[in-house]
Amino acid sequence: MTTPAQSHAPLTLTPEQERRIDEILGRYPTRRAACLPTLHVCQEAVGWVSPAVVAYVSQRLGMAASEVQGVVTFYTMYHQAPVGKHVLWVCRTLSCDLRGGKTMQEHLEKRLGCHAGETTADGQWTLKKAECLAACGYAPMVQIDDRFYENLTPEKLDALMDRIERGEMPAQEETAWTPNQAS
Amino acid sequence: MPDYKNILSNRYPLAQSWTLAVAERAGAYGPARKALGTMTPEQIKNEVKAANVRGRGGAGFPAGMKWGFLNPKPGQDVYLVVNADEGEPGTFKDRTIMEKDPHRLVEGCIISMYAIGAHKTFIFVRCELVLAIQRLEAAVKEAHQKGYLGARPFGKDHPMDIVVHPGAGAYICGEETSLLNALEGQRGEPRLKPPFPAVKGAFGMPTIVNNVETISSVPDVVSMGGEAWSNLSLLPPEMKDGGTRLYGVSGHVVRPGVFEAPVGITLRELIYDFGGGMLHKDRPLKGVIPGGSSTPVLRPEDKVHAPDPKSPMNKWHGKSHLDVPMGVDTMRNLGTMLGTCCAIVMDSSVNMVEASRNLMKFYHHESCGQCTPCREGTGWLEDTLNKLASGRGKASDVDLLVDIANNMMGNTICALADGTAMPMLAFVRKYRKEFLEAAEKGLGPSHRLDEAVRAALVGGARVAAHAEAMGGAA
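Sequences listed follow chains A and B, in order.
So for the first sequence, this note's numbering puts the first residue at 23; every next one is plus one.
So for the second sequence, this note's numbering puts the first residue at 249; every next one is plus one.
Just chain A, same shape as in the assembly:
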């Protein structure tokens, strides 16, 4: 994959994003501890962890660029390459798979015309397989950007994705809760 030209330019954040990073730095006894949350802020701004992000974070937190890169490659939620407009994680781990996780993945691959790990040709969606997302009782489920969508069927998922493609952001539903009789 070719690296976009702008990734070689130094990263500039908005004053609001800079203020958020200052606020994050104030929470911890060391600068380095701000590494994970700062990377999240930068990824939100740029869309992925570009070389410019790594350079910025290492300079801002006083870490070697290789140390920041080591952190980035350790964790799955930092995108090491540009992603689509929406990132869709489909859970593949046991509880989800018992309730149709694989069926959902296949349905998504068919709808999007790409395999898990790839981005659609129009750049709208990146499809990724997720390991357990702590929604086992509400399987099958997907995470789209920052929301969980649970208790899915192919039809429900299609309807959600149609709405998202129209520019809506359907709300995450409260998880079901059944109290015991005595309460």
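By construction, these hints were calculated from the structure, which means they are not laboratory data.
Owing to the predicted nature of the structure, the values given are computational and were not obtained by experimental measurement.
Take the hints with a grain of salt, since some may be wrong.
Unchecked claim - Computed far set for chain A versus chain B, every beta-carbon distance over 10 Å:
{"hint": "1", "residue": "LEU33"}
{"hint": "2", "residue": "GLU40"}
{"hint": "3", "residue": "GLN102"}
{"hint": "4", "residue": "ALA143"}
Said to hold, decoys possible - Listed below are the simulated BS3-like cross-link pairs for lysine-lysine, each with C-alpha atoms no more than 27 Å apart in a straight line:
{"hint": "5", "chain 1": "B", "residue 1": "LYS678", "chain 2": "A", "residue 2": "LYS124"}
{"hint": "6", "chain 1": "B", "residue 1": "LYS529", "chain 2": "A", "residue 2": "LYS124"}
{"hint": "7", "chain 1": "A", "residue 1": "LYS124", "chain 2": "B", "residue 2": "LYS689"}
{"hint": "8", "chain 1": "B", "residue 1": "LYS551", "chain 2": "B", "residue 2": "LYS567"}
{"hint": "9", "chain 1": "B", "residue 1": "LYS678", "chain 2": "B", "residue 2": "LYS551"}
{"hint": "10", "chain 1": "B", "residue 1": "LYS678", "chain 2": "B", "residue 2": "LYS689"}
{"hint": "11", "chain 1": "B", "residue 1": "LYS635", "chain 2": "A", "residue 2": "LYS151"}
{"hint": "12", "chain 1": "B", "residue 1": "LYS635", "chain 2": "A", "residue 2": "LYS124"}
{"hint": "13", "chain 1": "A", "residue 1": "LYS124", "chain 2": "A", "residue 2": "LYS151"}
{"hint": "14", "chain 1": "A", "residue 1": "LYS150", "chain 2": "B", "residue 2": "LYS635"}
{"hint": "15", "chain 1": "A", "residue 1": "LYS178", "chain 2": "B", "residue 2": "LYS529"}
Heads up, the beta-carbon is just placed ideally off N, CA and C, and yes, glycines get one too.
Fit chain B to the given chain A structure using the hints.
Then chain B, alone, in the frame of chain A:
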């Protein structure tokens, strides 16, 4: 539904239960006022000890005892770190606390910080749980505005703050020392122990790392008194496994979800009463993973063998494993673990080679790579299972699985390797015939794990059309 009392989850059904106004009207911060206003740190610690709170994160270590390991030198800060990196496959209980009643966790932090002499709590939440993070951050802000956090919480000269720290996607960060490295901005690789976190934890300071549910139990322990809270448990007091807790059930049951019940209900109650029984009436229970994927699988047909009257399990001699009360020690005596109390239920349609292959793929993906037995072992297990599943395996591969697992156990810095090897060994031991069959002829397409529900999810024609379109590739 059974008629146990909802205590930890009593505010879940309220509208806007995550806001301070609603939570406080329903009793929140009363225990904190009592603790900080009328009790000494020593008294609180004694109540937590008397409550016999066993850690709710999976290991089941007594929380009171863990707190007792703290012995800070003069001038050292003490930190409380809350482990909210919920990611053990099958486990989804802590999320409900953070989403539905974040003030219970905040209140637990306030009381616990006062008890252990800490001024700062870091709540380490996996960043995928965006709603939980939003609600926790809002709850912390509300508590600050009310003065429940800050310079003088409840009039006590004991400044307190809570920081919600997002993870970045790594199962291993649920291991406490790996979590501390991630908190400090490093790769989440577990540390050698000793020193234990109570001596040298976050930022080199004495630190207590507790699970979300453990800390969320503290307000009820304070308001009811430790002994009364402990006695909620259905287990005999000498087992020192007290209180009420959250249970989860997922997989092939009618009503998967999270429920609250006393410590010591049975797996049969969890599956058939809370979970509503098996999803398909004609497909009986084949195996259940009792408390997250690292806990060895149990079979319903296995019976407790403890004829010796002096054995702690003698009371249940001859009974099915499903009818033994779930506790840290009872489950250990069955050769498994209580873990997180979130069961994965598998019916007769499940092929256990495929189930274990799903989990070994998980562990291979999540091994941090620091220790050779784990980095290589998890991958080797997955490869061997892939061979068996695809029909390229041989009977000796089944023994190879056992050999690899045995060489992983106890040979690594943290427990991820043990948590991989133990379930692998149980799968092979209890369902050996299926592994040998796979060695002979591989697994067909009908062995998919979602075979039992696929027909209900999609029509047969669409499945066939899709298989063709994808050229059979998965």
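These are the hints, each one checked on the structure:
1. LEU33: 18 Å, holds
2. GLU40: 19 Å, holds
3. GLN102: 12 Å, holds
4. ALA143: 16 Å, holds
5. B/LYS678 with A/LYS124: The given pair, whose Cα atoms are some 26 Å apart, holds under the 27 Å limit.
6. B/LYS529 with A/LYS124: Holds. B/LYS529 to A/LYS124 sits at ~23 Å (cutoff 27 Å).
7. A/LYS124 with B/LYS689: 23 Å, holds
8. B/LYS551 with B/LYS567: 5 Å, holds
9. B/LYS678 with B/LYS551: 13 Å, holds
10. B/LYS678 with B/LYS689: 20 Å, holds
11. B/LYS635 with A/LYS151: 22 Å, holds
12. B/LYS635 with A/LYS124: 20 Å, holds
13. A/LYS124 with A/LYS151: This hinted pair holds, its Cα atoms lying about 10 Å apart.
14. A/LYS150 with B/LYS635: Cα-Cα ~24 Å, so holds.
15. A/LYS178 with B/LYS529: 26 Å, holds
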